[in-house]
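*Asks:* Each chain, written out:
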Amino acid sequence: MSDQTPKEPGVTGTDAPEESSAFVRAVEERGAANVGLAGAGLTPTSRSKGHQTAASKALASPWFALAVAVVALALPYINSQAYTLRIATDALIFIMLAVGLNIVVGYCGLLDLGYAAFFAIGAYTAGFLATAKGMPMWATIPFVILAAVAGGIIIGGPTLRLRSDYLAIVTLGFGEIIRITANNLDVTGGPNGLFGIPDFGEFGLRADVAIYWTTAVVVILAVIASSRLGRGRLGRAWRFVREDEDAAEAMGIHTYKVKLAAYITGAIFGGLAGVLFAVHQTAISPPSFNFLWSALILMAVVLGGMGSTPGVVVGALVISLLPELLRGAENWRYFIFGVLLIIVMIFRPQGIWPYTPTEQAVKKSLFGRFKGGGSGNTAGTTTEEVAR
Amino acid sequence: MSLLRLSSVRAGYGGLQALRGVSLHASEGEITALLGANGAGKTTVLNAVCGLVPIAGGDVFFAGERVTGYPTERLVRMGLAQVPEGGKVFGELSVRDNLLLGAYSRRGRSSRAEVRDDLEEMCRMFPVLREASSRRGDTLSGGEQQMLAIARALMSRPRLLLLDEPSIGLAPMAAAEVLRQVAALRELGTTVLLVEQNVAAALQIADRGYVLEVGQVVLEGTAAELLASRDVRRAYLGRDYEGI
Amino acid sequence: MDYFLQLVLNGLFVGAFYALVALGYTMVYGIIKLLNFAHGDIYMVGGFVGFTMLTAASGAMGAKGGLLLLIVVMVLAMLTTGTLGLIIERIAYRPLRGAPRLSILITAVGASFALEYGIALAYGPNPRAYPVGMGTGSFNVFGVRISTGQLVMVVIAVILMIALDTLVRRTRSGRAMRAISQDPRACLLMGVNVDSVIARTFFLGSALAGAAGVMAGAYYGKIDFLMGFIIGLKAFTAAVIGGIGNIRGAVLGAIVLGLLESFGTAWLGSQWRDVFAFGFLILFLTVRPTGLLGERVTERV
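Chains as they are written, first to last, in this note's numbering: chain A, 1 to 388; chain B, 1001 to 1244; chain C, 2001 to 2301.
Hints are not guaranteed to be accurate.
[As the list claims (entries may be wrong)] Under 7 Å between C-beta atoms, here's a sample of chain C residues computed to sit facing chain B:
#, residue
1, VAL2168
2, ARG2170
3, THR2171
4, ALA2179
5, GLN2182
6, ASP2183
7, ALA2186
8, LEU2189
9, MET2190
10, GLY2191
11, VAL2192
12, LYS2222
[To be verified] Some chain C residues flagged as far from chain A (calculated, every beta-carbon gap over 10 Å):
#, residue
13, SER2058
14, ALA2199
15, ASP2274
[Said to hold, decoys possible] Quick list of the computed label-pair ranges, beta carbon to beta carbon:
#, chain 1, residue 1, chain 2, residue 2, range
16, C, LEU2283, A, GLY190, 22 to 28 Å
17, C, PRO2095, A, ALA150, 36 to 42 Å
18, C, VAL2141, A, GLY190, 36 to 42 Å
19, A, PHE347, B, LEU1016, 36 to 42 Å
20, B, ARG1107, A, PRO191, 57 to 63 Å
21, B, ASN1038, C, ILE2159, 52 to 58 Å
No lab work stands behind these hints, which were simulated from the structure alone.
Ideal Cβ placement from N, Cα and C applies to all residues, glycine included.
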């Protein structure tokens, strides 16, 4: 024991500061930022603080979402430089993680501090099956989903019956378990990780363009899916549970099942994002999945506005592209992130871009008729803060 | 001389205004009863006096000082104590610890010895507490818990004791015993403001009383006057009391 | 047999160390039901405060820093981290009292981040070597090797724990703390200034974590700005095993966790130690979420 103990305080300490995360570092090391994509969402957000209703109304409209999607898909025509595409792919993957975590934290109010674990499960499952078993990348997807669901049940199953704060810390531990396990096992390549991960196919395009487009399509679908989930029957049950678990229970919602559904859905999103990540990076290793990563995703969700899909997308863009603007000042950046989390929670807990349900949605949920998808969160007349 | 005086106090929870200009006073050495139906605002009066509910308008005077908006712990130091509804005994603490918590506010102005004497005094007044001294609060019966709550409040040596429904939920015997103890407090010189559901019993031990309806005082007078009042008898005492 | 005894002793030693951090966790949780994620980082700050003071002191006094110096520095570091705990409570937690639980948890994560990277900014991201150690001597008892450092640590930890237990059980403040954890509103009626008692709780918990931080620095010889992360998790695990909110439970849980880790490491190898501990946390929450000494139902209090 005594010969091992000196390592004690440095378990995370030795690897984490230098290799904050391969992804983050990769984002940082790349050339000049292509702020064009982010700018589309950024400028209005910072202004929207004062008159969020008007801004939310305009920007949460389906037309705006469509425009963003078109810009995202058209990016290779606008600027097809390798570093632009790399940054954009990173940002897209980050968006997928953020909307996935948003289901857990934003919709259902469960604090998951180890979301990177599912990201790792997805990346490693896909990477292992593709490199060691020679499976084509697309064929790994069912296994990734299975693995993510299994992880979600193992962690969520016991903890979701308990108070919500237990989940937070258990997920934190789970994140570490996955990372350390990946580091210790041979099948995962130990500290070196897996490399030579293939892509989905090139479709006669330049490799990075093909990856970008595949990623863009998957992420756009994921954003739509998460937004629709949030507005559907299940989504309303989630919000109910978040607002008042006892009331939800009294109204006949099986809160445990509903919470588990949110947690597992989030896990699947994280796992799939992991596949995209593995393809994009072609090599993965344990430090890519540390706590910092989970914290950054959480930051994107909280900053953007928990429960609000457009807000979370903007939050994710800001968090993933900000390093380009603040290069070489990681410690300052994380310090400011921490302070910002406190400030946002105290002064603007609904985030920069709050979720604004339609009047209809509120009425429907009040009467407990969980039917249909509604017309989307466009009206912005009744914020939940008012309703509370 | 009035120890506590409320002048047109308005207070409420959120948008709901529970008190709409309540004026009343409690005279030194007397038991003043606060009567009224559920939701009339009786408990809100007590909580407004204690600083647990913010006062939106009007003033509270205690011992000649304007105490509107004072924090609760300061009011307790000045000699105000409330026994909340149900007693709110600390179930996981021993009976002795409960009593000592009652003396929390007595720091500078009284020595340990005085607190120990008062502890002894409480055990004399409520013998059941002496036997249960080291037991957990939640092992006591409902009536015993109410006694403990009153004793705990007395440990701060209050000049004014606010009692919220001390007999509610108790068996008739226990309720009568609790009210007997309340009546005995007058002999100790403690002023009492009593909120009580059982109007007949309250007016039997009280000196004066007020009737509250939807946040306003609608009737006031001596206990005898109120007992004789037709309105009180019809509204709260029922036909059985016609003969009193 | 000797090997077995050695494992038990190592487990007790690590357990005593976890206990100091777990106590702060469990006290804060007991009184305001908040998982103070920043608690592990306060331990880390304690290590750095001790580092600064010891560096200054050994610069002034030459290289010979004795155990006495270490204890003086530890007390000063406790005061510093205690004050830091007060500040964090005042800035980050008190404005959110009554806010949804999720908000406060996120604030706590923010506080943790701010502390970690605040220290990284001040001291740089690389590990620092501690200028004063706990002595390298060791002696054998019944064939078991105990180092002087371990012995000193356990003795200090036990003294601090007894002091805390006495404070909570016998004093006016302690009584108020226990009462607030049950019914803060009724405490107001007792004339208890609830905010100030909560602040005192943060001070105490943070001071204990600070002491553990200095001890860790002196024992392990180096500190870094992320060292609180794993310890925070372990301390929480210990608190859960013992029954969160229960002070004696935290100590018991820490010892159980220390022993489990000691045997788990011997069985699986040290690279699996943390996995083993957190796996045990999950298992424990499944089987007995109220902990060994917990009696209240933990589900949605």
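*Asks:* Run every hint past the structure and note whether it holds.
*Replies:* Taking the hints in turn, this is what the structure says about them:
At its closest, the beta carbon of C:VAL2168 sits 11 Å from a beta carbon of chain B; the interface hint therefore is violated under the 7 Å criterion. Taking 7 Å as the C-beta contact cut-off toward chain B, the hint placing C:ARG2170 at the interface is violated, the least distance being around 10 Å. The beta carbon of C:THR2171 is not positioned within 7 Å of any beta carbon in chain B (closest approach about 10 Å), and the interface hint is therefore violated. Given hint, C:ALA2179 at the interface with chain B, holds; its Cβ is 5 Å from that chain's nearest Cβ, closer than 7 Å.
Below 7 Å, beta-carbon pairs count as interface contacts, and C:GLN2182 has one with chain B at about 5 Å; its hint therefore holds. The beta carbon of C:ASP2183 is positioned within 7 Å of a beta carbon in chain B (closest approach about 6 Å), and the interface hint is therefore held. A distance limit of 7 Å between C-beta atoms decides the matter here; for C:ALA2186 the minimum to chain B is near 4 Å, and the interface restraint holds. Because the beta carbon of C:LEU2189 sits about 5 Å from the nearest beta carbon in chain B, less than 7 Å, this interface hint is met.
With its C-beta approaching chain B no nearer than about 5 Å, C:MET2190 sits inside the 7 Å limit, and its interface hint holds. Look at C:GLY2191: its Cβ gets to within about 3 Å of chain B, closer than 7 Å, so that hint holds up. Given the 7 Å rule on beta carbons, the hint for C:VAL2192 holds: about 5 Å separates it from the nearest Cβ of chain B. The criterion of a C-beta within 7 Å of any C-beta in chain B is not met by C:LYS2222, whose closest approach is roughly 43 Å, and the hint is violated.
Distance check on C:SER2058: its Cβ is at least 21 Å (rounded) from any Cβ of chain A, clearing the 10 Å threshold; non-interface status holds. The non-interface label for C:ALA2199 is consistent with chain A: the shortest C-beta to C-beta separation is roughly 17 Å, beyond 10 Å. The Cβ of C:ASP2274 sits about 6 Å from the closest Cβ of chain A, inside the 10 Å cut-off, so the non-interface label is violated. For the pair C:LEU2283 and A:GLY190, the beta carbons lie near 26 Å from each other, so the given range of 22 to 28 Å is met.
Distance hint check: the CB atoms of C:PRO2095 and A:ALA150 are about 40 Å apart, consistent with the given range 36 to 42 Å. Between C:VAL2141 and A:GLY190 the beta carbons are some 39 Å apart, a value that agrees with the proposed interval 36 to 42 Å. Between A:PHE347 and B:LEU1016 the Cβ separation comes to about 27 Å, which falls outside the hinted range of 36 to 42 Å. Checking the proposed 57 to 63 Å range against B:ARG1107 and A:PRO191 shows it holds: the Cβ atoms sit about 60 Å from each other.
For B:ASN1038 paired with C:ILE2159, a C-beta distance near 55 Å keeps the hint of 52 to 58 Å intact.
The structure fails hints 1, 2, 3, 12, 15 and 19 (numbered hints given earlier, in ascending order).
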